[in-house]
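Peer 1: Each chain, written out:
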Amino acid sequence: MAEVTLVEAVNLALARAMSDDPSVVVLGEDVGVNGGVFRATVGLQQRFGPQRVVDAPLAELLISGLCVGMAAQGLRPVGEIQFMGFIYPCIDQLVNHASRLRNRTQGRLSCPMVLRTPHGGGIRAPEHHSESTEVMLAHIPGLRVVIPSSPERAYGLLLAAIRDPDPVVFLEPTRIYRAAKGQVDDDGEALPLDVAFVLREGQDVTLISWGAMVRETLTAADELADDGIRAEVIDLATLKPYDENTVLASVQKTGRCVIVHEAARTGGFGAEVAALIAERGLTSLLAPVVRVTGYDTVMPLPRLEQHYIPSVSRITAAARRVCQFS
Amino acid sequence: MAEVTLVEAVNLALARAMSDDPSVVVLGEDVGVNGGVFRATVGLQQRFGPQRVVDAPLAELLISGLCVGMAAQGLRPVGEIQFMGFIYPCIDQLVNHASRLRNRTQGRLSCPMVLRTPHGGGIRAPEHHSESTEVMLAHIPGLRVVIPSSPERAYGLLLAAIRDPDPVVFLEPTRIYRAAKGQVDDDGEALPLDVAFVLREGQDVTLISWGAMVRETLTAADELADDGIRAEVIDLATLKPYDENTVLASVQKTGRCVIVHEAARTGGFGAEVAALIAERGLTSLLAPVVRVTGYDTVMPLPRLEQHYIPSVSRITAAARRVCQFS
Amino acid sequence: MAEPAITDEELPVIARFEVRRRSYLAPDGTILRRLPQFASDTSALLSLYRGMVLTRAFDTKAVSLQRTGRLGTYAVSLGQEAVSIGIASAMREEDVLLPSYRDNAALLWRGVKMEETLLYWGGDERGNHWSGPAHDFPFCIPVGSHAPHAAGVGYAFVLRKQPRVAVCLFGEGATSKGDVWEAMNFAGIYKLPVVFVANNNQWAISVPLKLQTASETLAQKAIAAGFIGEQVDGNDVIAMRAAAEEAIVEARAGKGPRFIEAVTYRLGDHTTADDAGRYRPPEEVQAHWKEEPIARLRSYLVSQNAWGKVEEERLAAECQQLIEVAIERYLATSPRPPETIFDHLYAELPAAYAAQRRELKDASHG
Amino acid sequence: MAEPAITDEELPVIARFEVRRRSYLAPDGTILRRLPQFASDTSALLSLYRGMVLTRAFDTKAVSLQRTGRLGTYAVSLGQEAVSIGIASAMREEDVLLPSYRDNAALLWRGVKMEETLLYWGGDERGNHWSGPAHDFPFCIPVGSHAPHAAGVGYAFVLRKQPRVAVCLFGEGATSKGDVWEAMNFAGIYKLPVVFVANNNQWAISVPLKLQTASETLAQKAIAAGFIGEQVDGNDVIAMRAAAEEAIVEARAGKGPRFIEAVTYRLGDHTTADDAGRYRPPEEVQAHWKEEPIARLRSYLVSQNAWGKVEEERLAAECQQLIEVAIERYLATSPRPPETIFDHLYAELPAAYAAQRRELKDASHG
Ligand SMILES: Cc1ncc(C[n+]2csc(CCOP(=O)(O)OP(=O)(O)O)c2C)c(N)n1
Ligand SMILES: Cc1ncc(C[n+]2csc(CCOP(=O)(O)OP(=O)(O)O)c2C)c(N)n1
Ligand SMILES: [Mg+2]
Ligand SMILES: [Mg+2]
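Chains as they are written, first to last, in this note's numbering: chain A, 1 to 326; chain B, 327 to 652; chain C, 653 to 1018; chain D, 1019 to 1384.
Wrong hints could be hidden among the right ones.
Stated by the list, open to error - Here are some chain B residues the structure puts well away from chain D; computed CB gaps all over 10 angstroms:
1. R342
2. A398
3. D418
Said to hold, decoys possible - Using 20 angstroms as the maximum straight-line C-alpha spacing, the simulated PhoX-like pairs for lysine-lysine come out as follows:
4. K1273/D <-> K843/C
5. K907/C <-> K813/C
6. K862/C <-> K1131/D
7. K1179/D <-> K1273/D
8. K907/C <-> K843/C
9. K1079/D <-> K1131/D
10. K1228/D <-> K862/C
11. K813/C <-> K765/C
12. K1131/D <-> K907/C
13. K1209/D <-> K1273/D
What the hints assert, rightly or not - Here are some chain B residues pointing at chain C (derived, C-beta under 10 angstroms):
14. T331
15. D356
16. L387
17. P415
18. Q578
19. T592
20. T609
21. M625
22. R629
23. E631
24. Y634
25. V638
Hints in this document: simulated from the structure, not taken from any laboratory. Glycine residues also receive a C-beta, built at the ideal position from the N, C-alpha and C atoms.
Pulled out of the complex, with its shape left as it was, chain A reads as follows:
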């Protein structure tokens, strides 16, 4: 058991998957000699060769389309999109092909591919390097969308994603690539792809989040505890499909819920979770479901990005509000 960062856990999972299964291929811009701009693929090309670790030309549509073709042929491609702001050219391939190949051919062909990309802001990067548009993908039938919030979950969920017989978009929280450290046992154990993680149990209010925001959410839970508010913290982790039961069970217990995400508010995935509760958890609700999210603005450039990303104090304030509600 070594203590590793989240990005190192990603690297461990990739190396493990590649050595376990010769059909796993990694492709993307700068994933080879350079080992990825975040070092997620470091060492892989040296170890598995340039045929299995491919430095793709500068074309995101191509990267996703190549994955579809390779996957239909039985390979297990793991494509990397350098930043989520550059994933949009892949959406046509994801929506019109990757997510549909199995259904379109009624099982004759399938698309076991993974598309990895850094998610979210907070690293003072240039424009387009801090996107969190996960809901655009989580709306697509036939896709899976996964986002870990710790090295352990990054390792186990990425292995599961690569082994899954269907297309998975794997979002990696850039802000905690290195900030998040944890013990990871490189034992090849995968985690389930549709179970949410209850990171902290509590009776008074349910805090639901995913990705990098899980950290601020946990900090908020600590602060709330100081005031005697016992918050339950859920890391949704898999957004498509997502674990409705864990959410409903928690809200049934606490009767109060705050959803936290970095993405813009309107039509964000938090809306889906709130809608679920309004539909199937209403009777247990003791207070309005509150969303603490990024604003409905473009993610500002570094000088102001910290004002855009939900802060611990915004989360605690919201939690206090719903707890005081009656």
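Model the placement of chains B, C and D with the ligands on the given structure of chain A, informed by the hints.
Peer 2: For chains B, C and D with the ligands alone, coordinates are given in the frame of chain A:
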């Protein structure tokens, strides 16, 4: 005042906008000599010439990107994407440029463009011709997303969209392109871009929908009326930004709400509306907020598409359920 | 601003390129140049002829099914039969075909049953779960979006050291899509065994070639990706087969990708949903009837005393017979249960959607 | 499968293409061929020289600001100064520049203030609300995605019958993007006044040219779009300016688009976030230092007795002075109020978002 179909109303609005403003340019595949595969642009090229009504090469990314460049130069481009299933290559341009040019340059440049596309299924068309992924666009800060449900609103909202100083995605409900008829006075009067339309007042339950589904929703309201259930029917019409106040006011009155849309359920725009109610209308709720939507599957090919699209009976059943709830 | 001191012509040339054109039969069926070897085998030519005739007969029936409300939107290959047939005839079973919506002929040649093709265009996904090669791709409807798949398939062959080739078919309109461009560029870099074929039928629905691109030929587009593009008379099935054979043999031998521009003409409407009369003059269509591939090959076969009235009638009857049986089978196929739309969404339906499936089942059976 | 009966060589050639290369100064500053007219005006050459020197000095300071945490990620043009400067110097004020993130030099030449450039790369959108031409585009960060904008701008010029030209700059990596392809193809169809310039600095972060494309030159990619592509020695600012002048003059005259491949080399890291030592040998970089554009033009100017040690020192001092003033102004600019992130989202903030703006205002001032 002539009785026209919805697609004829679109054509009227385009012609009016082009004759009012020489900077309006229409471009898309087959929009010229052919007048558009749905005849929405019929007659425009003869009247305004091939320079202002441009038959674009087969490249959707290009069409949206050209619009950005033209708009930045002060033209008012109206691009057509032949079917919503082919709009995905435009998402990069919409998210990374159209919606951001004004903010990126702090007002120095702007992007007054409109991207029109047929929306939804029910016309027994081939795969990809029946998409309703409006939420992917309604999540994007800086964009406007509009979808009419009648000839009058198609005319007034499209004029407003073309005159608006910011980018607008204008979705046209294919299923009622010809089925929807109405009196349209070609007087150049635009409709507001962020006001929902209360099509029918009622005390017992609020039915919220948009696009083609508004028709089934109105039919459902009729059937419910026969059983003495007085349904209020709201056509949201503008999804981004949307009219939160009209929604909240109605739910405050009825205490019950059913949201109807054709798009897949998970993370659809119905989730946003339900979340709004769970957040700011909870205290007035007498029953769970129910979503009647397309299933979380790929839109099936014609033989089964009618089973995918929400039926009147699914809507009435949901409305009865929430009305009986206590 | 000052005019440049020297003219282009004085600058040294650092690269030169050529585009060649392949054709063997003149529109009247006479021979333009020595025929490729396979053409000396009359039975080979007869099977190409049969494939084209069957295709046209099938298309005709499909259209009447659509007109009578028993089939969905359908795209005939009228006048372009030589493209799909010529290409398919040069492929091996283990090669992978990536067809566009207009390539019914290529799939029929490769073993897809006519009733399966009808089932798909009749609006039933099961039509793609066909008797043809299990590894072939389904019809691609988003124009050009399957080109990157072809590159991915070709890459898999290289990685696994398999002597197989991916063949991607699309229309000239597709060459305007970045998808095709990105795929060709990648295939060039890794010398992938991929053959890209553009069916240049002059029209993309109502958009004529001159509004699609300014390049004199489509073949030259391959120059941008660093490999060979050839223009072929797409109404000459012998030329199509010869070009395909050469490209596929080279690709299989590891010599890299090829691009084939098949110059032909769309004699029919774009699809049953289109009315070409709106945008092109009948004279233009008439003129092109003189070049169509079936009459052309027939003239040649007749001139070789390999074909005549009797054979023609026998073939026509045989085709009608096959097609009618297929149509009966198609019409006899009842729709699948609605809830099955969930069954191939994922390898295993996630628990989250089980309730929706139940709801649909009850709704549709209740 | 039978080998084809005839070889390619026997097929008739239907189209021929050439790519030419432009260069005037050898790496040592000696003349290779008669110089373009503008070069007879020494002051013109001196201003090009000054532009390149100022750029390099500015880049150096920008990097040290970044290293000391006072600037965000920054991309220097070290070794490629001749590209941006040569192109910008051939443009008119009313022409529209569509730059990539590496074209600071072109914008400075066109009137953007150094403090504005710093403000943008310092993470403040106000840097794009600049003193340069109001119609120029901001830096494009999604590679190649501004090429369609250039075509749209060019189309607007044609529609309004304005004698203006759109100039789009990007790197060689961008030529792999479908965006660039689709834009070039469209510009070709409508003979738009657009000049596409690829700064071929041999590297796309860690990806070398040979993994980016198999085409021997980038210039030949224009053949696919039906217009002229020229390769230029991108380390020869005289060649860059001459090529740009010719292309812009032609475009302005309605003769259609041009593509310029500027062959140069990225002597520095990709950006301050990159460490090129990871993926390329120092020897390669060393070798290319012998060809860099500033020393080259200086050698020529010195050989013409138009430049010397004194002038060099005076220029260096002048640049330092200008840059320091700019840096002071930049560092003195305090961030804008957080809630202003709502103020240029739409022409007028929709009522739906007013509450969010208020919340942010209170949160950040409370
Ligand atoms: C990406 C995309 N855009 C638009 C369409 C609608 N559409 C279907 S076929 C077609 C024209 C295709 O022309 P071409 O590529 O020449 O093929 P052809 O139909 O002539 O065989 C268009 C615009 C589509 N199917 N896909
Ligand atoms: C669409 C897109 N994908 C990826 C990136 C990340 N990225 C920034 S610069 C770069 C390399 C660009 O290389 P090139 O086009 O040659 O320009 P250069 O940086 O060499 O000037 C990459 C991959 C990006 N900015 N945009
Ligand atoms: Mg065509
Ligand atoms: Mg480069």
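Peer 1: Hint by hint, note whether the structure agrees.
Peer 2: Hints, one by one, checked against the model:
no.	hint	in the structure
1	R342	20 angstroms, holds
2	A398	7 angstroms, violated
3	D418	6 angstroms, violated
4	K1273/D <-> K843/C	36 angstroms, violated
5	K907/C <-> K813/C	14 angstroms, holds
6	K862/C <-> K1131/D	44 angstroms, violated
7	K1179/D <-> K1273/D	14 angstroms, holds
8	K907/C <-> K843/C	7 angstroms, holds
9	K1079/D <-> K1131/D	15 angstroms, holds
10	K1228/D <-> K862/C	33 angstroms, violated
11	K813/C <-> K765/C	31 angstroms, violated
12	K1131/D <-> K907/C	53 angstroms, violated
13	K1209/D <-> K1273/D	7 angstroms, holds
14	T331	18 angstroms, violated
15	D356	5 angstroms, holds
16	L387	6 angstroms, holds
17	P415	8 angstroms, holds
18	Q578	30 angstroms, violated
19	T592	8 angstroms, holds
20	T609	29 angstroms, violated
21	M625	9 angstroms, holds
22	R629	4 angstroms, holds
23	E631	8 angstroms, holds
24	Y634	7 angstroms, holds
25	V638	12 angstroms, violated
Figure legend: structure checked against the earlier numbered hints; hints not met, in rising order: 2, 3, 4, 6, 10, 11, 12, 14, 18, 20 and 25.
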